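Read top to bottom, the protein sequences are chains A and B.
For the first sequence, the numbering used here assigns the number 278 to the last residue and increments by one with no breaks.
For the second sequence, the numbering used here assigns the number 207 to the last residue and increments by one with no breaks.
Quick caveat, the hints were computed from the structure, so don't treat them as lab data.
In this text the structure is predicted, and so the values were computed from the model without any measurement.
Be a bit skeptical, because a hint or two may be false.
[Said to hold, decoys possible] If you anchor each label on the Cβ, the simulated ranges turn out as follows:
#, chain 1, residue 1, chain 2, residue 2, range
1, B, Thr118, A, Asp178, 47 to 53 Å
2, A, Glu208, B, Phe103, 39 to 45 Å
3, A, Gly61, B, Pro132, 39 to 45 Å
4, A, Asp41, B, Phe72, 29 to 35 Å
5, B, Gln64, A, Pro14, 56 to 62 Å
6, B, Asn21, A, Thr204, 47 to 53 Å
7, B, Lys78, A, Ile85, 15 to 21 Å
A virtual CB, placed ideally from N, CA and C, is assigned to each residue, including glycine.
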Amino acid sequence: MARRYDSRTTIFSPEGRLYQVEYAMEAISHAGAAVGILATDGVVLAAEKKVISKLLESSKGAEKMYKIDHHIAAAVAGITSDANILINYARLSAQRHTLSFRELIPVEELLTHVANLKQGYTQFGGLRPFGVSFLFAGYDKHHKFQLYESDPSGNFGGWKATAIGANNQSAISILKQDYKDDITLQEALLLAMKVMSKTMDSTTLNAEKLEFATLRLVEGEVEHKIFKEKELVELIKAYQATVPGAQPDESAGLDSQNTDSSARFHPCDTRRRYSSIA
Amino acid sequence: RVAMSIMQYNGSAVLAMKGKNCVGIASDLCFGVQGRMITTNFRKTFRMQEKLYLGLTGLATDVQTLHERLEFRLNMYKLREGREIKPSTFASVISNVLYAHRFGPYFVEPVVAGLDDTNTPFICGMDLIGAPVTPPDFVCAGSNTEALFGTCETMYRPDMEPEELFEVLSQCLLASIDRDALAGWGAVVTIITPEGSFTRTLKGRQD
């Protein structure tokens with residue numbers, strides 16, 4: 001019955017929903033998870049790589065982690081080709097601001113640019129929305145370290161900790177339990193590793209399947225580091241040392257009070273798995 | 001009021017030289033308007049990357065603006081490519097930007113100096129619409145290039161070590177800007193070597 005309101009982005013359904021936006025979010029829920037945690041002395045971004053093959057030429061750097069400017073990094077969940085367009089747009093916005101104002105763009109301002117672009121695709125032009133959600137981590141003189149989430153509707157919010165992509169509900173519930181306001185970067189790294197281990201498809205943590213990045217201040221300058229495989233192996237070891245044997249599965253604390261309407265739409269043709277989603 | 005060319009409105013001098021596995025780049029420090037000095041800390045050489053420096057002579061506003069625009073392009077390059085730019089590639093970017101404004105140009109004459117990814121020295125000069133030259137020895141730009149060419153041709157020799165190069169570069173520049181009414185008030189010299197770079201400020205004739 002609601003099918004006739006599916007096709008055009010620029011119309012509401014009788015229930016007041018934008019189906020194309022919701023379908024975009026459904027596409028993202030099939031993508032590899034990304035987790036962000038804000039610490040007192042930095043921000044952690046962690047992600048699960050979906051596309052792993054021995055044949056893959058991995059010379060192009062990271063699959064899900066991107067640098068936007070000296071002081072802003074992003075993690076991606078969704079359709080990779082859409083993400084590339086938005087990442088490029090974010091980079092250009094940041095540089096344009098620097099050209100005009102001779103300063104680094106405030107993080108929230110960059111989010112506004114990206115979010116406004118995404119919003120345009122839900123209201124004008126009849127084009128489909130971007131099938132990407134981002135976690136942006138940044139530092140500026142106004143609000144120090146910050147973590148933001150941006151979704152296909154064009155909405156964005158600041159978070160202390162959040163997750164996007166597959167199993168993000170269980171990831172968020174773990175974060176709700178274990179996050180504390182005075183968490184340090186090192187503790188946040190271990191918490192992110194814990195969240196990844198509980199929400200990833202595979203039973204064991206594997207450095208090949210993970211991407212970790214941190215944003216922190218080193219001698220007054222913002223340092224964006226994407227972990228190398230060796231460093232990930234070390235981090236996994238450090239995490240496993242904190243786990244005293246087999247633990248009861250904590251994902252039993254799933255947040256069942258999901259008031260997000262994106263859970264209520266009909267699945268139908270949105271179930272097709274895009275291999276271009278990562 | 002003196003009638004002078006737009007390239008002589010602010011006055012400047014930039015010099016780059018090749019040494020043995022090193023390059024040097026230097027500029028004067030004067031920012032003036034038609035013979036009236038305004039400040040004496042206006043560098044015309046800019047660090048673009050650890051081993052890549054850009055020198056810009058000509059109209060001061062264009063020197064500043066072009067530097068800012070090139071920094072934009074360079075930042076985008078590094079983010080997209082995930083690596084640093086080679087000096088020769090950067091020179092091509094500058095040439096492209098300048099020619100794009102062929103019929104309304106930036107009044108600058110750039111100089112590029114750096115070491116590429118194999119630490120081979122590279123220097124390059126350009127006119128205001130982007131025609132590049134890559135000589136084997138030195139590049140001069142500014143309001144009194146005649147003097148610069150004269151001192152360089154006399155005092156330059158190939159394969160100088162970093163400290164030697166610094167000495168020759170400094171003397172060539174200082175002697176030339178002393179003969180230029182519009183450039184001077186001190187100089188800043190940078191030598192780039194595979195191990196790192198050093199920058200020294202010179203105090204010359206303060207007029």
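Q: Return holds or violated for the Cβ distance of A:Gly61 and B:Pro132 against the range 39 to 45 Å.
A: 31 Å, violated
**Q.** Assessment of proposed distance window 47 to 53 Å (beta carbons of B:Thr118, A:Asp178)
**A.** 50 Å, holds
Q | Outcome of range test on Cβ distance (A:Glu208, B:Phe103; 39 to 45 Å) | A | 55 Å, violated
Q.
Verify the CB-CB distance for B:Asn21 and A:Thr204 against the hinted window 47 to 53 Å.
A. 50 Å, holds
Q.
Between the beta carbons of B:Gln64 and A:Pro14, is the distance compatible with 56 to 62 Å?
A. 58 Å, holds
**Q.** Whether the CB-CB distance between B:Lys78 and A:Ile85 falls inside 15 to 21 Å
**A.** 19 Å, holds
Q. Can the suggested window of 29 to 35 Å be confirmed for the beta-carbon pair A:Asp41 and B:Phe72?
A. 31 Å, holds
The earlier numbered hints that this structure contradicts are 2 and 3.
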